[in-house]
Structure formats: C-alpha cells, structure tokens
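Peer 1: Chains as they are written, first to last, in our numbering: chain A, 1 to 498; chain B, 1 to 246.
Worth flagging that the hints you see were computed from the coordinates, not collected in a lab. Treat the hints loosely; a few may be bogus.
If you want a taste of the chain A side facing chain B, the calculated C-beta under 8 angstroms gives, among others [unchecked claim]:
hint, residue
1, Gly57
2, Trp61
3, Trp65
4, Asp446
5, Gln447
6, Tyr450
7, Met452
8, Ser453
9, Arg454
10, Leu456
11, Asp460
12, Leu464
13, Ile465
14, Gly468
Computed list of chain A residues with no C-beta within reach of chain B, every gap over 12 angstroms [stated by the list, open to error]:
hint, residue
15, Ala77
16, Ala277
17, Glu426
Negatives, chain B to chain A, calculated, CB over 12 angstroms [what the hints assert, rightly or not]:
hint, residue
18, Arg50
19, Leu135
20, Asn143
21, Gly149
22, Glu150
23, Gly175
24, Pro194
25, Asp209
26, His217
27, Ser227
28, Gly229
29, Tyr241
Cβ coordinates follow ideal geometry from the N, Cα and C atoms, glycine included.
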Amino acid sequence: MSAGSSAAAREGRNPEAAAAVEALSSYRWGFTSAIEQELAPRGLTEETVRYISARKGEPEWMLEWRLKAFRIWQTMAEPQWAKLSIPPIDYQDAHYYAAPRVKPSLKSLDELDPEIRRTYEKLGIPLEEQKVLAGVEGARRVAVDAVFDSVSVATTFREELRKAGVIFLSISEAIREHPELVRRHLGSVVPVRDNFFACLNSAVFSDGTFVLVPKGVRCPMELSTYFRINAENTGQFERTLIIAEEGAYVSYLEGCTAPMRDENQLHAAVVELIAEADAEIKYSTVQNWYPGNSEGKGGIYNFVTKRALCRGARSKVSWTQVETGSAITWKYPSCILQGEESVGEFYSVAVTNNFQQADTGTKMIHLGARTRSRIISKGISAGRSNNSYRGLVRMGPSATGARNFTQCDSLLIGDRCGAHTIPYIEVKNPSAQVEHEATTSRISEDQKFYAMSRGLPEEDAIALIVNGFCREVLQTLPMEFAVEAQKLLGISLEGSVG
Amino acid sequence: MLEIASLHVTVDGREILRGLTLSVLPGEVHAIMGPNGAGKSTLAHVLAGREGYDVTEGTARLDGADLLAMSPDARAAAGLFLGLQYPVEIPGVSNLLFLRTALNAQRRARGEPEISGADFMARVRAEARALGLDLEMLKRGVNVGFSGGEKKRNEAFQLAMLQPRLAILDESDSGLDIDALKVVAAAINRFMSPDRAVLLITHYQRLLDHVRPTHVHVLVDGRIVESGGPELALRLEQEGYERHAA
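Could you put the whole structure together from the sequences, leaning on the hints where they help?
Peer 2: What follows is the structure, given as structure tokens:
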C-alpha cells in the first residue's frame, strides 16, 4: 500500500491497509429495493413461455415465435469455445419473469414508485438524467426508458420524440402498437438459432427497447435506458431493436448496475441494430453489474448477443462499451457491413478484477465494397482475473478495397491476472487490407511512484493511469457517460493493489 | 526542517547509504555533490518514499514528522517535492489534468478546499510563460513526446505549481543546454523563500553558478565526507572527487 521504507514496516502496515482496501472494494451499489413483485413460476417449460406471453398480452404470432425458439433452444448446447470457466447453470432453477406490481403504464413520473426513484438515486444516475426522471423543465434532453427488472416503468419525452417521428417504446409496447414493424425486424439480425443464449432470449425475453428513427430524421436527443436486475434469482432477458432508416441518426446509451446477490444471476440480452443507407447508430454501454465478491462468490453471468446490420450504402454503426462488472462476460458486439462503403466501429474498455472473467471483442463482417472497420480494445486485468479479447475480421469475396484497423492493448495490474488477445482474420478478397496491432504492458512502478510523489494516493494514481490508457475509447462516449465511466474505472480497480 | 540521522539504506541487499546525517533549515539551499554511484539518487528516492529501498537504520524527519513512516503521497502533502532525474511519461493523461488532480489531492489531504479552475489556469499561464512552456504542450500526455530539456522544465513547472516547502531536485541540470539551464535555475530561485528549502543533487558545479547554495556536501560511498560553503563546489569542479576516494 505504501512506500518502502523498510520491509518490516511494510509487513506491519499490511493488515490495516488490506482491511481498508477490503472495505472500499465492496460493491457500492449492492442494495435491494423492497418493491412488490410478481414472479413467474420457477423453471423453464413451454408453459413458462406461454405464461410470459400471456402476462404481456402478446398476439398469437409472438407466442408462436417464442415457442419455436424454445423448441430450438431445447436442442442446443451452451457454447464452449470461450476462454471462460462457467459453472453449470441450472436453467430450471430460476424465475423467467418478474414484474414490479405497478401500473403497467404511467401517466406521469410522479406515479413512479418512490422506491424505484430512490433506487435510481442510489445508482448515481447523472443529475441531468435524474432531472429528466423528475420531469424538471429545461433539463438536458435525454430520454430515459427505465427498465426495472423486466417491465418498462417509465418512458419520458415520448411526445416530443413522436413529433419528430421517432418511435421509442418498450419492446412490449411496440409489439402491441407496431406489430408489423416488430414482426418484420425481430430476429432479422440475430436469428433465433444464432446461438444458445440468443435462442433462450428469443423464447423468454421479458422486455427491452424498440427504437425507430424515420428517414432523414436526426433523433433530437440521446436515448438512454437504465437496466437493473432486482429480483432474486430472476434471469434477465432484455431484447432491444433499433432501426435507423435512410439518412437517420440516433445515439443510444445503455447503463447498468445490479444489487448484490449471493446466487449467480443469468443475463442473456439480445440487441439488434439496423442501419439503412447513410444512417448512423451510435450505441454506448457502461456495464457495471455485480462482479461477485473478492473471493469470486456471486456476480452476474452476462451472455449478450449484440449485432448490427449496416444494410445501406455509407451507413455507420459505432459500438462503445465500458465493461467493468459481471462475474462472467461473454459479449461480442458485431457489425455486418453489407452496404457499400458502410463503416463499423468498436471501442471497448474491459476491466476485470478479483475473480472476474471477460471474453469479449467484436466481429466485423465485411461484405460490401470499400467497407471500413475500426477496432480499439483496451483490456485491464487485476487481481486473479482473466481478460480476453476475441475478434473476428472477415473480408468476404465481394469486399473489394475494404479496410480494417485493429488495435488491442492490454494492461496488467499485479502478477496473478491474465490478458489474452485472440484475433481471427479471414480474407477472401485480395484487395482488402487488414491491420492488427497488439500491446501488453504493466502499470510501471515508475508511473505509479511519479503520480504518488505528486500527492496522489495509490488508488487514485492507478485510476488516473488507467484512465489515460483508455482515453481513446472514453473520448468516444457522450460527455456525462464518459465522466461516469471514469469514476467506474477507479471504483472497479479499488483493492487491486496492496 | 529536514533532519536526517545516521541513515542506512540497502537496495537488493546491497548497502548504498551508510550512515548519512544531514540537517537542512528553512531558507537554506544545500547541494549534494559526489561521484556516480555515491548514493545521491538513492537519497532522493528514499526521502520521497519510492519502493525498493530498505531503511535498515536511522531516521528522516520533516518538521518533526517521521517521513519514513509516510506513503509518498502523504510526504507530498506534508510539503516534500522530488524533481526527478528521469521524469516519467503517462500517456493519455494531460499534464494539466495530472497537475490539477495532484494539487487537489494534496489540498484535500491537508484539509484545504480544492483550487478553482480559474485560479488554477491563471497560475498555469503565469508559470508556463516564465518557463517557456507552450500551453498546448501542457494539454498533451504527461511528458509524452517531450525532449529531455522539456521534461526538466516540466519538473520545474510542477515545482512552481505545487509550492512545496522542501524541494529535492535530482540532477535537474542534466541534459540541459545553457539557456534551458538558466530557465530552470531561475525557477528554483523564484521558488526559494525564507520558509522554504532546497536540496540540490548534482554531479556538476555548473547549476551552482546560477543557484547559489548556502551549503555544499560531498557524498562518497553513502556518507557525507565533507561539508562547506559554495567554495567547496568550485574546488570540487577543479579537483574532482579523487581526494575523497576510499
């Protein structure tokens, strides 16, 4: 923890320092809201799927879609290829639906359960967004679609968005109000049988977000959803579908924290993005689910399928993610670059500490001519954690003149953690160019001492150096998100040195 | 202000400082001179609290407080500053962010309010101008892409901004051309006041032409073997350290 005057003195100070570090590193947002809940019966059968669909008042085609997914899922097995050690998951020992007992649609935010409001406060939702939630006039315009466990309980700014022609609804509402749109696009980017977890999600997805930005419209505000897993032993299966029509632009922010739980919780979200010609979608995530305690007990299992289809010419999708939470992260936000000259970007910071495991990266599938992709990945490993970047760049036969640039940097803190870079490159067009750079470094004693000698406490010194390491990625985040992310990096690494 | 008594320090089991005693009072400028390997940089680092230096015997106190029991950041907050011989690069962290974060951390540790952005920038502009440092350069990563001379000027800039009570400057003159040397020397002279002190660690006399020491010490084999006034530095410049060789 401190400077080396003598070895004996260092030994003597250690227990105290260790205790202080332990106190600091306990998850700050591990609290439970006492909100009445309605749970689906434990277990997963066709009856569960029917129960969920009925609870949500879904049309017949949606139920059929779910049932088909469920039957396919029963024939599938969990993927084994990731560099993760995943304890066996008993899919029958969980509830697949939890809805807070509040009125399904609120006329105003005042009707929001005060307990939920307090939860948002404890989460440290940025002031500006709290104002939005509180309905303060003149607040910066960020529309928040709050997903509390499984049902959207508050949607703001819907009217103003509607004037602009933007549809911003919970996916359940969208199924009711725009069934034709949902039916046309749902599963078109991530097919039902894509993978085990996406298939499970298709069968039992609880709620999520639907966005459609019509032709030529620049969405007048950033759209934001806060996810939060609250019910004990409830799998969370979010489903998000965002469509940007020709020439449209939308920036979407997704932020997550979860309360402390002893039992591992499964999360398997699916996000599908569709960008038509000249459209742009910017999707930013700050993920801070409970990572488990310092002995590796508890924590969220996060198996996410996120994929974008750049369907139109010159369309663009940017994924930015700051991943600090979850016990296990399995996540590869990807872009299918179909339209000519379409652009895919992936900016990622993944932090693992204690016993966390992350296997994350991206896939850039170049189909169209002169498509471009850019991958910047920053992995930070501390404690006994394992952090892998896994990325695929595929240049298809018709991807003439396509280009990719990949940079993967790993930073190690301590000597018991691991960092791995696993690039897959497939080039089937001779005119395509692929560049890959990778570095691995440690926070040097020199850097740490330099910062401390100027007055920064050790944890602050490390947070500052790590923030510098991640700067290229953090600067792609919207401003208030970047500030949150910087704080989160510091918090995630508390107790990583000593 | 600084009281070092019979300090013994080993690095990797090898004894580098072997009973060093030194007393520095407010208003004094002490130059520590000596041949390579005498323990000059070890003294600087052990006072600032760098890991890897084991104190086996002796004490070091700053205004009566036990320096050796404090972490480096606590020593900084107590008023100690170390100007490094080889300043470190921190990519992605701008010099200004680094300095402001450090300054506020020190102020917090002392129970003082944080400095306002406007006050901070006003001081930055004044000190940067005095040191011939470009403001744009200070917005770049800490020491990233800086020449050797620019790094040393940046250390002097940090000294001016952080306003410690005791500055330990390790080879602040090495790698500087004569113009840069004058700029750095001027910064040290501006820093000095009756309630502050400087410990200049240097191999050569030339910095002492511009920063006049009140005391000069010769450090050989981990001990101070001779002390005197400014004239001692001049004599060393002519004779070298042969006379002190063991």
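Peer 1: Evaluate each hint against the coordinates.
Peer 2: Verification of the supplied hints:
no.: 1; hint: Gly57; verdict: violated (50 angstroms)
no.: 2; hint: Trp61; verdict: violated (51 angstroms)
no.: 3; hint: Trp65; verdict: violated (46 angstroms)
no.: 4; hint: Asp446; verdict: holds (5 angstroms)
no.: 5; hint: Gln447; verdict: holds (5 angstroms)
no.: 6; hint: Tyr450; verdict: holds (4 angstroms)
no.: 7; hint: Met452; verdict: holds (4 angstroms)
no.: 8; hint: Ser453; verdict: holds (5 angstroms)
no.: 9; hint: Arg454; verdict: holds (4 angstroms)
no.: 10; hint: Leu456; verdict: holds (5 angstroms)
no.: 11; hint: Asp460; verdict: holds (6 angstroms)
no.: 12; hint: Leu464; verdict: holds (6 angstroms)
no.: 13; hint: Ile465; verdict: holds (6 angstroms)
no.: 14; hint: Gly468; verdict: holds (3 angstroms)
no.: 15; hint: Ala77; verdict: holds (42 angstroms)
no.: 16; hint: Ala277; verdict: holds (36 angstroms)
no.: 17; hint: Glu426; verdict: holds (32 angstroms)
no.: 18; hint: Arg50; verdict: violated (5 angstroms)
no.: 19; hint: Leu135; verdict: holds (19 angstroms)
no.: 20; hint: Asn143; verdict: violated (9 angstroms)
no.: 21; hint: Gly149; verdict: holds (18 angstroms)
no.: 22; hint: Glu150; verdict: holds (16 angstroms)
no.: 23; hint: Gly175; verdict: holds (17 angstroms)
no.: 24; hint: Pro194; verdict: holds (24 angstroms)
no.: 25; hint: Asp209; verdict: holds (28 angstroms)
no.: 26; hint: His217; verdict: holds (22 angstroms)
no.: 27; hint: Ser227; verdict: holds (25 angstroms)
no.: 28; hint: Gly229; verdict: holds (30 angstroms)
no.: 29; hint: Tyr241; verdict: holds (29 angstroms)
Figure legend: structure checked against the earlier numbered hints; hints not met, in rising order: 1, 2, 3, 18 and 20.
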